[in-house]
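Use the sequences and the hints to build the structure in full.
This is what each chain is made of:
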Amino acid sequence: MKRVLQILFGYIIFCFCVCIAVGFFTGSVPELLEKSVRTYRLYKGLKYFCNILPAVVITGFVIGYAVSFGRNPEGSVMRFSPAMFKRYRHVVIIGLVCSLMLTGAAEIGTPLLGSRQLRLEQMPKLLHEYIRIGTKMYDAGKSELAFQYAQLAVKIDPKSEQAQKLFSKSELELRTSQKKKQTEPVSAGSAGVSEEGYSVSELRKLAEDAYKKGNWFDAHYYAETGIAIASPKNTNIELLRQTAAAAWNNLSQAERPAETEKERIYKKKLEGYKFFMEGDNLKAYYVFRTLSLQSHILSIDPDVVRYLGLATARLNKENFFIDETFNMQEFETANDVYFSIKHTDGSTDIVYIKGITPMLSTDGMIQYLRGLTIFSIDGNGSFVNSMYVQYAKMLEVSVSDFDSETKVSLGIADSTGYVPYILLRSVDRNTEGIVNEPLYSNAPGKTEDESNHLVLPVSYDDIQLLQGVSKGAELMNIVSLFQFVGKTVSYGYSEEVFGQVMLNRMLYPLFILIIFIGFASFAWNYRIGEKLMFKTGWILSFPLFSFFAYYLFMMLQWLYKLLNYVFLGAAGRQNALLLGSGVYIVILIIVSVVFLARNSADAA
Amino acid sequence: MIRPLKKALLLIPAYIGMLLSSCIIGEFLYMLYFNTTRLIAGKQLQLFNKYALENGFFVIAPIVFLLSGIFLSCYRIRHSRGGCLPVIMYGLLGAVTWCLLYPAFIELKGKWTPRLLPEDSVLTSGYFRREGNDVFYLMHTPDGSNADSIVINESANPENAVFPGYADTQKMVETASPFKDILIRETIPAVPGWISAALENFEARAESAWHEGLISWLSFVAFGLALFSVYAISFCSEWRLINTLYVFVMDAGVMSFNLLYFSSYFAEFRNLESLLCSSIKFLTHLHEPLLVCMNVLFSLVFTVIGIIEVRIHAAKNKRSSI
Numbered sequence: 001m002k003r004v005l006q007i008l009f010g011y012i013i014f015c016f017c018v019c020i021a022v023g024f025f026t027g028s029v030p031e032l033l034e035k036s037v038r039t040y041r042l043y044k045g046l047k048y049f050c051n052i053l054p055a056v057v058i059t060g061f062v063i064g065y066a067v068s069f070g071r072n073p074e075g076s077v078m079r080f081s082p083a084m085f086k087r088y089r090h091v092v093i094i095g096l097v098c099s100l101m102l103t104g105a106a107e108i109g110t111p112l113l114g115s116r117q118l119r120l121e122q123m124p125k126l127l128h129e130y131i132r133i134g135t136k137m138y139d140a141g142k143s144e145l146a147f148q149y150a151q152l153a154v155k156i157d158p159k160s161e162q163a164q165k166l167f168s169k170s171e172l173e174l175r176t177s178q179k180k181k182q183t184e185p186v187s188a189g190s191a192g193v194s195e196e197g198y199s200v201s202e203l204r205k206l207a208e209d210a211y212k213k214g215n216w217f218d219a220h221y222y223a224e225t226g227i228a229i230a231s232p233k234n235t236n237i238e239l240l241r242q243t244a245a246a247a248w249n250n251l252s253q254a255e256r257p258a259e260t261e262k263e264r265i266y267k268k269k270l271e272g273y274k275f276f277m278e279g280d281n282l283k284a285y286y287v288f289r290t291l292s293l294q295s296h297i298l299s300i301d302p303d304v305v306r307y308l309g310l311a312t313a314r315l316n317k318e319n320f321f322i323d324e325t326f327n328m329q330e331f332e333t334a335n336d337v338y339f340s341i342k343h344t345d346g347s348t349d350i351v352y353i354k355g356i357t358p359m360l361s362t363d364g365m366i367q368y369l370r371g372l373t374i375f376s377i378d379g380n381g382s383f384v385n386s387m388y389v390q391y392a393k394m395l396e397v398s399v400s401d402f403d404s405e406t407k408v409s410l411g412i413a414d415s416t417g418y419v420p421y422i423l424l425r426s427v428d429r430n431t432e433g434i435v436n437e438p439l440y441s442n443a444p445g446k447t448e449d450e451s452n453h454l455v456l457p458v459s460y461d462d463i464q465l466l467q468g469v470s471k472g473a474e475l476m477n478i479v480s481l482f483q484f485v486g487k488t489v490s491y492g493y494s495e496e497v498f499g500q501v502m503l504n505r506m507l508y509p510l511f512i513l514i515i516f517i518g519f520a521s522f523a524w525n526y527r528i529g530e531k532l533m534f535k536t537g538w539i540l541s542f543p544l545f546s547f548f549a550y551y552l553f554m555m556l557q558w559l560y561k562l563l564n565y566v567f568l569g570a571a572g573r574q575n576a577l578l579l580g581s582g583v584y585i586v587i588l589i590i591v592s593v594v595f596l597a598r599n600s601a602d603a604a
Numbered sequence: 001m002i003r004p005l006k007k008a009l010l011l012i013p014a015y016i017g018m019l020l021s022s023c024i025i026g027e028f029l030y031m032l033y034f035n036t037t038r039l040i041a042g043k044q045l046q047l048f049n050k051y052a053l054e055n056g057f058f059v060i061a062p063i064v065f066l067l068s069g070i071f072l073s074c075y076r077i078r079h080s081r082g083g084c085l086p087v088i089m090y091g092l093l094g095a096v097t098w099c100l101l102y103p104a105f106i107e108l109k110g111k112w113t114p115r116l117l118p119e120d121s122v123l124t125s126g127y128f129r130r131e132g133n134d135v136f137y138l139m140h141t142p143d144g145s146n147a148d149s150i151v152i153n154e155s156a157n158p159e160n161a162v163f164p165g166y167a168d169t170q171k172m173v174e175t176a177s178p179f180k181d182i183l184i185r186e187t188i189p190a191v192p193g194w195i196s197a198a199l200e201n202f203e204a205r206a207e208s209a210w211h212e213g214l215i216s217w218l219s220f221v222a223f224g225l226a227l228f229s230v231y232a233i234s235f236c237s238e239w240r241l242i243n244t245l246y247v248f249v250m251d252a253g254v255m256s257f258n259l260l261y262f263s264s265y266f267a268e269f270r271n272l273e274s275l276l277c278s279s280i281k282f283l284t285h286l287h288e289p290l291l292v293c294m295n296v297l298f299s300l301v302f303t304v305i306g307i308i309e310v311r312i313h314a315a316k317n318k319r320s321s322i
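Heads up: the sequence lines are chains A and B, in that order. The opening position of the first sequence corresponds to residue 1 in the working numbering, with each subsequent residue numbered one higher. The opening position of the second sequence corresponds to residue 1 in the working numbering, with each subsequent residue numbered one higher.
Errors might be hidden in some of the hints.
Claimed, not checked - Heads up, incomplete: computed chain A residues facing chain B, CB under 7 Å, no partners named:
#1 A66
#2 D336
#3 Y338
#4 K354
#5 G381
#6 V497
#7 N525
#8 I528
#9 S541
#10 L544
Hints are computed from structural coordinates only; laboratory data are not their basis. In this text, all values refer to a predicted model and were calculated from it rather than measured experimentally. Here a beta-carbon is modelled for each residue, glycine too, at the ideal position from N, C-alpha and C.
Structure representation (structure tokens):
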């Protein structure tokens with residue numbers, strides 16, 4: 001065993017060095033950052049190594065065992081001798097080690113190196129983008145964002161002069177603005193911006209307190225919110241109604257023509273407040289936003305701050321801001337994601353997303369969808385309608401938030417836990433009227449509800465899986481692939497293809513082990529003579545053997561892939577893995593028996 | 001004497017076993033490949049196919065004949081010794097293969113009436129299929145060469161990326177060739193074109209040589225002679241593994257030469273043929289005389305090397321026994 005390991009790992013190390021040398025000294029590299037060139041070449045060499053590793057390991061294994069068996073052939077005069085069982089144990093151990101190595105190289109090594117190389121290739125572009133966006137933000141006075149981009153740029157390339165320059169100036173600007181903020185008086189009257197979490201009695205108390213302080217907006221708002229959430233039997237409801245009415249009377253005094261600036265502002269606030277209470281959150285938002293931008297004093301006015309916050313919070317549930325999607329394209333993690341949604345009435349929706357950018361927010365993961373198209377056809381394949389939106393914002397919502405009727409109407413399965421809720425309309429943060437709305441197109445004679453948000457009747461997790469699918473089954477995470485196989489057809493993907501790739505990847509270690517035990521029999525049959533000296537010239541046969549092993553392994557892999565289709569065809573997707581495992585275990589037993597049946601007399 | 005004779009005689013069943021098992025395994029693989037190439041996403045994979053079974057035999061058998069020399073050589077390397085008799089038997093088996101079995105096979109193939117190729121399944125609807133830059137979602141099962149589909153053009157402006165259109169299913173099938181469905185084609189590499197082209201080339205040459213008469217056939221058999229003579233190289237090393245490698249390398253060399261002989265790489269070399277024929281008139285009767293001469297030369301070189309190596313080893317063994 002020691003000799004086998006010496007030859008096997010000696011040859012692996014030799015080939016590793018050759019591959020690294022080839023990676024470093026041959027071929028050209030794409031445009032990279034100066035610091036990345038060496039790493040890129042290292043990855044290139046490692047990728048070569050992963051590519052030829054099966055042939056290298058087979059060569060080391062066969063030659064190693066051919067030498068080892070040849071030097072110690074004793075104890076195997078008869079078939080199934082104890083000596084052969086002992087050798088079998090060693091073969092299985094080494095075979096498992098080799099299987100682990102090759103599976104690791106195929107499952108982790110090659111995809112990881114590929115993605116790392118891609119990342120290095122993208123770095124110059126990314127650095128350029130970070131500096132460009134950072135500078136743009138700096139020029140727009142958004143020093144905090146500019147500083148964040150500068151930090152990212154410096155992290156990518158600390159030697160970049162442009163990045164360093166942006167970093168210094170944005171840091172300076174940020175510090176200055178922070179100092180300025182600290183010196184500004186903070187209004188004591190600005191309470192929390194959300195009405196959530198208060199009980200009716202708490203709301204009554206807040207309303208009464210606000211009324212006593214002469215804060216009619218808050219008094220009315222808390223009282224109205226209390227009324228809205230209180231049950232008719234609640235003892236607080238009458239007091240809340242009284243407070244609301246009294247506060248409203250005070251608010252209504254501003255209905256008379258405004259004469260002073262203070263009155264005009266008050267009237268404007270009242271207008272915004274009315275929109276807010278009527279549920280026109282977008283208009284309310286713009287009224288308070290305009291007031292907030294009007295002057296520094298107004299921007300810290302407790303009423304403006306409070307109702308701008310509340311309106312924004314409500315607005316975020318219906319729309320999102322256009323500026324949220326600026327420069328998103330550069331950070332997309334999935335492109336060209338498409339899938340079908342088949343409904344029970346026979347109709348189908350084809351969903352296509354050009355690019356997806358996930359962002360971690362305080363509300364969990366949100367995803368921005370670029371170029372979202374939903375194309376609907378009926379059961380006969382005729383066009384019903386289509387919807388396109390430049391950018392959409394996807395949130396994860398719990399199905400428990402929907403009642404059973406809504407679930408049925410949306411076509412959400414009972415087993416679904418979370419679904420994607422997609423906001424289709426985006427608005428400008430400051431200017432009313434600048435809106436990105438979905439474009440609907442209906443078949444002649446058909447009218448559809450043109451909504452600004454939609455719920456896809458699929459699991460939110462499946463959307464995540466489909467993002468992986470866009471990269472191809474071979475590159476999908478094995479766990480995701482396993483989860484997706486059963487859902488392929490419903491999303492317009494082939495069960496055969498994904499099932500076969502799943503089998504290819506899951507049974508790979510077993511397949512490799514079979515190959516190695518088979519090669520152990522070959523090594524026994526063609527072992528070196530017991531007293532034969534190993535000639536130096538024979539070392540030259542190693543690469544030659546690897547050349548044949550490379551093609552032989554490719555052929556075996558091809559056969560393996562074909563067989564996996566047979567398992568799918570014979571047992572269906574659900575039992576294919578079981579059947580495949582069973583067949584490969586039987587083959588493993590056969591090759592093991594063949595190996596154990598070797599004896600030293602059979603060569604004579 | 002009995003032991004070498006026994007070894008020599010044992011070669012016959014071993015060889016028959018090798019040919020039969022190779023044919024059976026080859027048939028199995030061919031059928032598997034044939035059925036997979038015809039698989040359409042969403043349809044059941046056919047596990048058995050009479051057409052593939054019959055056709056497979058006529059595809060696999062010539063490959064087995066070509067590789068029979070390697071199989072037998074590997075067997076002999078593994079079960080070496082036995083003196084001259086097994087070597088003579090090896091030669092006899094080679095002769096039987098190329099002078100009896102191969103011609104008999106060609107005759108049988110001539111008499112065989114191929115079954116009609118099973119009708120192709122049509123592409124299924126409800127799946128995304130890529131063809132060029134576009135992804136097609138077939139709305140109906142295609143009737144004819146076009147099918148209504150929803151097209152996703154990934155390189156178009158996102159606003160116009162999805163639109164109703166037609167999928168040229170005929171073109172899709174052609175792109176997927178030799179598979180019928182591009183989806184299946186994406187997961188299994190097709191047999192490389194050069195391999196199938198090479199096999200077809202050898203087969204066509206064998207058939208035309210047989211139909212052109214005995215001299216032409218004997219000219220073609222020179223190729224078989226070269227392939228079988230490679231065995232002699234297996235006496236070069238004392239380690240059987242190295243001998244096996246030699247056999248593989250040399251066989252690959254002989255096959256490559258016979259394949260590339262008609263390519264542009266050997267155009268100038270082929271011009272020597274007229275020079276050769278003008279010097280040796282007898283050669284004009286042969287089919288591709290230069291190629292025949294080269295194959296015979298290969299076999300002579302291999303045999304001479306083999307004999308020299310055997311003599312050297314014998315002398316060495318004698319010395320060590322003294």
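Right, here's what the structure says about each hint:
1. A66: Where the cut-off is 7 Å and the nearest Cβ of chain B is about 5 Å from A66/A, the hint holds.
2. D336: 5 Å, holds
3. Y338: Status holds, d = 6 Å.
4. K354: 4 Å, holds
5. G381: 3 Å, holds
6. V497: Nearest chain B Cβ about 5 Å off; hint holds.
7. N525: Holds. Min distance 5 Å.
8. I528: 5 Å, holds
9. S541: 6 Å, holds
10. L544: 6 Å, holds
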